[in-house]
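Student: Please construct the entire structure, taking both the sequences and the accompanying hints into account.
Chains as they are written, first to last, in this note's numbering: chain A, 1 to 86; chain B, 1 to 86; chain C, 1 to 86; chain D, 1 to 86; chain E, 1 to 86.
Honestly, the hints are just simulated from the structure, not real lab data. Hints are supplied without guarantee of correctness; some may be wrong.
What the hints assert, rightly or not - So the derived list for chain E, only partly shown, Cβ under 7 Å to chain C, looks like this:
id, residue
1, Trp-11
2, Gln-30
3, Gly-32
4, Gly-36
5, Leu-38
6, Ile-40
7, Asn-44
8, Gly-58
9, Asp-69
10, Val-72
11, Asp-73
12, Ala-74
A virtual CB, placed ideally from N, CA and C, is assigned to each residue, including glycine.
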Amino acid sequence: MIAATVMDSIWATRKADSLRGLKFMLVEVQGGIDAGRLMIAADNIGAGIGERVLVCTGSSARKMLERDDIPVDAVIVGIIDEDCVF
Amino acid sequence: MIAATVMDSIWATRKADSLRGLKFMLVEVQGGIDAGRLMIAADNIGAGIGERVLVCTGSSARKMLERDDIPVDAVIVGIIDEDCVF
Amino acid sequence: MIAATVMDSIWATRKADSLRGLKFMLVEVQGGIDAGRLMIAADNIGAGIGERVLVCTGSSARKMLERDDIPVDAVIVGIIDEDCVF
Amino acid sequence: MIAATVMDSIWATRKADSLRGLKFMLVEVQGGIDAGRLMIAADNIGAGIGERVLVCTGSSARKMLERDDIPVDAVIVGIIDEDCVF
Amino acid sequence: MIAATVMDSIWATRKADSLRGLKFMLVEVQGGIDAGRLMIAADNIGAGIGERVLVCTGSSARKMLERDDIPVDAVIVGIIDEDCVF
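Tutor: Okay, here's the thing in structure tokens:
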């Protein structure tokens, strides 16, 4: 997983039917040599803009959605505690 | 997923039989430290040149095509709304 | 796999139910052109801060947890011997 | 997928039994920030040195070989038309 | 796959049970913009230090070990012929 900050919501009215109802968030990787990388992750745990999140990528991302037939390769799997400093 | 702009169509007359009928688009990653990365993504939702799209990569890309036997690792899964600024 | 050093524990109270009970560690890639990359890896072998570990990523990471339904894409699979110099 | 140019053949007499009979080509990524990346891709469509090809990576690469038990993570899936300028 | 040079053996006494008996080698990517990347790959074909090898990554790496339950994401699948110049 990577640690990232939620930057914004992403809206796509035209999209795969299987993606309807999913929320998508723009996240920016925090720290290390990948800092500043942008990704778009599905979110089903209600992360807010500005929060630091754990993002899981690849085939494992589909496990978060409990459906294996969705074309999603990045998902927010947790929200890092505010008092977790690193 | 990543946000990218559709740059061009890609034509490959000689290709795997399972790819026949699929449209391929050259896309360029937008924003962040990966800006300027080029990828070729299958498109079955009719994205146009210049549009900003969501691209899903890896095994999840095959889920968009509803066939698991196709050698494709990147697919356009949505078109980002024009008024979505980020 | 990559060789990394364990930097810190990561705490996320709000997370996917399937992640409850898993320990997450911030690790930093050691050596080569990826030195300084940060990743967050699940740990079920008890790696300590400062130890050098082997991290496995992607779908293979799930094999370490012996459950295929967990949204985890990086896992510590071994601790590099202290006298292993490279 | 990525667009790459076929640079050379790669020969490996000692290799996994399941790879016997497969042709391997050194390819170089063309364009964008990944230009100059080298990969070795299996080829079963007869790409020639100097040709521009589409390379599919990851688990999807195995779909090209119609066998899921082969340790191959990159395959040439198409040859880009000569008059396709991008 | 990528072309890499075997640099060293890696020893990890504490590791996942499923990894016992596997040999791990530190390899360095050769050529192109990824030159100097370090990876740790399982080896079951007996590659020696200094040899140039083909390394397969991701889920395909597990195919080399003929067991799908092992947390390994990189495997040496072949040894590049000494007279293969590229």
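Student: Hint by hint, say whether it matches the structure.
Tutor: Quick rundown of the hints versus the structure:
| no. | hint | result |
| --- | --- | --- |
| 1 | Trp-11 | 4 Å, holds |
| 2 | Gln-30 | 12 Å, violated |
| 3 | Gly-32 | 11 Å, violated |
| 4 | Gly-36 | 5 Å, holds |
| 5 | Leu-38 | 3 Å, holds |
| 6 | Ile-40 | 4 Å, holds |
| 7 | Asn-44 | 15 Å, violated |
| 8 | Gly-58 | 5 Å, holds |
| 9 | Asp-69 | 5 Å, holds |
| 10 | Val-72 | 6 Å, holds |
| 11 | Asp-73 | 4 Å, holds |
| 12 | Ala-74 | 6 Å, holds |
Hints 2, 3 and 7 from the list above are not met by this structure, while the remaining hints are.
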